[in-house]
Amino acid sequence: MGMSILITGGARSGKSRIAEARALSFGPRAIYIATAEVRDGEMAARVAAHRARRGPEWQDAPAPFDLVQVLNRTDGGPARLVDCLTLWLTNLILAERDWPAEARALCECLTRQTAPVVLVTNEVGQGIVPDNRLARDFRDAAGTLNQQVAAVAGEVVLAVAGLPLKVK
Amino acid sequence: MGMSILITGGARSGKSRIAEARALSFGPRAIYIATAEVRDGEMAARVAAHRARRGPEWQDAPAPFDLVQVLNRTDGGPARLVDCLTLWLTNLILAERDWPAEARALCECLTRQTAPVVLVTNEVGQGIVPDNRLARDFRDAAGTLNQQVAAVAGEVVLAVAGLPLKVK
Amino acid sequence: MGMSILITGGARSGKSRIAEARALSFGPRAIYIATAEVRDGEMAARVAAHRARRGPEWQDAPAPFDLVQVLNRTDGGPARLVDCLTLWLTNLILAERDWPAEARALCECLTRQTAPVVLVTNEVGQGIVPDNRLARDFRDAAGTLNQQVAAVAGEVVLAVAGLPLKVK
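Chains as they are written, first to last, in my numbering: chain R, 529 to 696; chain X, 529 to 696; chain S, 529 to 696.
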């Protein structure tokens with residue numbers, strides 16, 4: 529077991545806020561690893577607004593693809609917050625990268641980290657079966673990734689209406 | 529903290545039944561605050577059937593919009609059951625009312641109530657991301673409202689297969 | 529209360545794996561009651577691959593419709609795993625069978641079983657309200673069936689990211 533903490537939950541379930549508080553519980557500073565790809569000006573504005581809201585205790589380290597490398601490079605320092613795994617998976621699938629291999633590499637990397645890693649992810653599999661094949665495949669991939677990361681995490685939390693429900 | 533209890537859950541998760549039992553745990557009578565808008569005969573028939581099922585211990589106080597006023601007016605008496613917040617939010621959005629302001633007013637109102645309030649709401653954010661913008665916006669609004677009410681509630685329960693899972 | 533255990537969860541939440549382990553916790557052998565209808569070669573291949581993965585401790589007893597009969601016939605032996613209730617419900621609805629009557633018969637049957645029964649089911653009601661009527665009706669039926677089986681089960685577990693969360 530590494531020092532990883534997985535925070536899962538639905539849209540607007542408060543998972544990022546819970547994860548930010550958890551990352552800052554380890555010390556006065558933390559590293560924010562955003563997986564969102566900044567593709568246009570609207571996105572850049574959102575990222576800037578998000579950064580301003582978070583405050584000066586956060587250092588930024590974007591990782592739309594190279595999450596393992598960024599985790600390894602930042603290990604040994606303050607806690608890291610990865611927000612979020614579902615976007616990272618989306619990036620890998622859209623770029624036609626080998627996501628199962630990347631997921632395995634991430635899990636291996638997590639077990640070797642010495643500084644804490646808090647990872648945010650999404651519950652996407654509790655609605656009705658989607659009509660289109662791509663959505664079903666993505667749902668399966670996201671669920672599989674969540675299970676793999678949860679298996680190596682030391683702590684797993686489900687966010688419900690902004691509140692943490694301990695799962696592991 | 530007020531005496532509010534939030535019961536959240538998916539469709540047909542048994543949340544209304546759990547909430548009804550909880551409201552009647554405070555005394556022999558309770559007030560049923562329905563937020564559904566009665567727009568046609570089919571809806572009126574459903575409301576009448578629901579009322580018949582609930583039994584004579586329930587007094588009706590519909591509040592498709594003016595939830596805060598109805599809560600304030602009925603305070604000091606028996607427990608109130610609000611069923612449900614998601615329909616109330618839908619009514620506000622469809623009527624182009626300022627739902628964030630109404631949500632803040634509701635939370636302030638809840639902290640001042642002296643008689644119990646049991647509120648039913650829906651989990652709508654654990655499926656795949658909806659295709660259309662309106663559904664995504666509604667999902668975000670519903671999640672935000674749930675978080676705000678959960679923050680001021682003294683008790684939060686997630687209904688799973690008809691069973692209550694304590695979250696707060 | 530019978531010896532039934534209900535494992536519910538979203539798509540790819542690890543519910544089948546949790547259920548398989550639970551069924552084999554009662555003894556070295558177990559009976560796998562698949563409810564999937566084998567309609568074509570692709571399906572037959574998937575069933576064969578699944579059987580190979582499960583290993584020789586499992587005996588197969590398919591029951592796309594006649595779940596009650598198969599449970600009664602296999603009672604008194606090793607634990608049974610029913611995978612899954614949602615597919616069984618789908619089969620009943622597509623064949624225009626009286627699913628509420630079948631659900632009642634299942635619940636009565638479960639309370640009389642003497643050997644353990646582990647049942648897998650799906651959470652499908654935590655997404656946004658589906659656009660089409662059939663999906664909404666199915667969602668309501670699935671939620672109702674889950675509640676009924678959970679009420680007679682001795683144990684209910686929610687699978688989250690491959691981990692069991694005790695509900696009952």
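No wet-lab data here; the hints were simulated from the structure. It should be emphasised that the depicted structure is a prediction, and the values quoted were computed from it without experimental measurement. Some clues are possibly wrong.
[Claimed, not checked] Quick look at which bits of chain S chain R covers, simulated, 3 or more residues with Cβ under 8 angstroms:
1) 577-590
2) 642-654
3) 661-675
[Stated by the list, open to error] Under the rule of at most 27 angstroms between Cα atoms (straight-line distance), these lysine-lysine pairs were calculated in the DSSO-like manner:
4) R:K696 x S:K694
5) R:K694 x X:K696
6) R:K694 x S:K696
7) X:K694 x S:K694
8) S:K696 x X:K694
9) R:K694 x S:K694
10) S:K694 x X:K696
11) R:K696 x X:K694
12) R:K696 x X:K696
13) X:K696 x S:K696
14) R:K694 x X:K694
[As the list claims (entries may be wrong)] So, partial list: chain S residues that the calculated Cβ filter (under 7 angstroms) puts toward chain X:
15) T536
16) A678
17) V680
18) K696
We put the CB at the ideal spot given by N, CA and C, even for glycine.
Each hint, compared with the structure:
Closer than 8 angstroms: that is the beta-carbon criterion, and the stretch 577-590 of chain S has 0 residues meeting it against chain R, so the requirement of 3 is violated. Proximity of the stretch 642-654 of chain S to chain R, defined as three or more residues with a beta carbon under 8 angstroms from a beta carbon of that chain, is established by the 4 residues found. Restraint check on the stretch 661-675 of chain S versus chain R: 3 residues with Cβ-Cβ distances below 8 angstroms, three needed, restraint holds. Taking the CA atoms of R:K696 and S:K694, the gap is near 11 angstroms; set against the 27 angstroms cutoff, the hint holds.
Our distance criterion of 27 angstroms between C-alpha atoms is met by R:K694 and X:K696, whose separation comes to about 11 angstroms. Between the alpha carbons of R:K694 and S:K696 the distance comes to roughly 16 angstroms, so the proposed pair stays at or under 27 angstroms and holds. Only pairs whose Cα atoms come within 27 angstroms are accepted, and X:K694 paired with S:K694 is accepted, the gap being roughly 11 angstroms. With a C-alpha separation of about 11 angstroms, the suggested pair S:K696 and X:K694 falls inside the 27 angstroms cut-off, and the hint holds.
Between the alpha carbons of R:K694 and S:K694 the distance comes to roughly 11 angstroms, so the proposed pair stays at or under 27 angstroms and holds. For a cut-off of 27 angstroms, the pair hint linking S:K694 to X:K696 stands: about 16 angstroms separates their Cα positions. Pair hint R:K696 plus X:K694 holds up; C-alpha atoms about 16 angstroms apart against a cutoff of 27 angstroms. About 17 angstroms separates the Cα atoms of R:K696 and X:K696, which keeps this hinted pair within 27 angstroms; it holds.
Restraint check: the Cα-Cα separation between X:K696 and S:K696 comes to about 17 angstroms, which is no more than 27 angstroms; the hinted pair holds. Straight-line distance between C-alpha atoms of R:K694 and X:K694 comes to about 11 angstroms, which keeps the hinted pair within the 27 angstroms bound. Because the smallest distance between the Cβ of S:T536 and any Cβ of chain X comes to about 6 angstroms, under 7 angstroms, the interface hint for this residue holds. The restraint placing S:A678 at the interface with chain X holds, with a minimum CB-CB distance near 4 angstroms, inside the 7 angstroms limit.
The interface hint given for S:V680 is violated, since its Cβ lies 11 angstroms from the closest Cβ of chain X, which is over the 7 angstroms cut-off. Evaluation of the S:K696 hint against chain X yields a held restraint, the C-beta minimum of about 5 angstroms falling below 7 angstroms.
Checked against the numbered hints listed earlier, the structure breaks hints 1 and 17; every other hint is satisfied.
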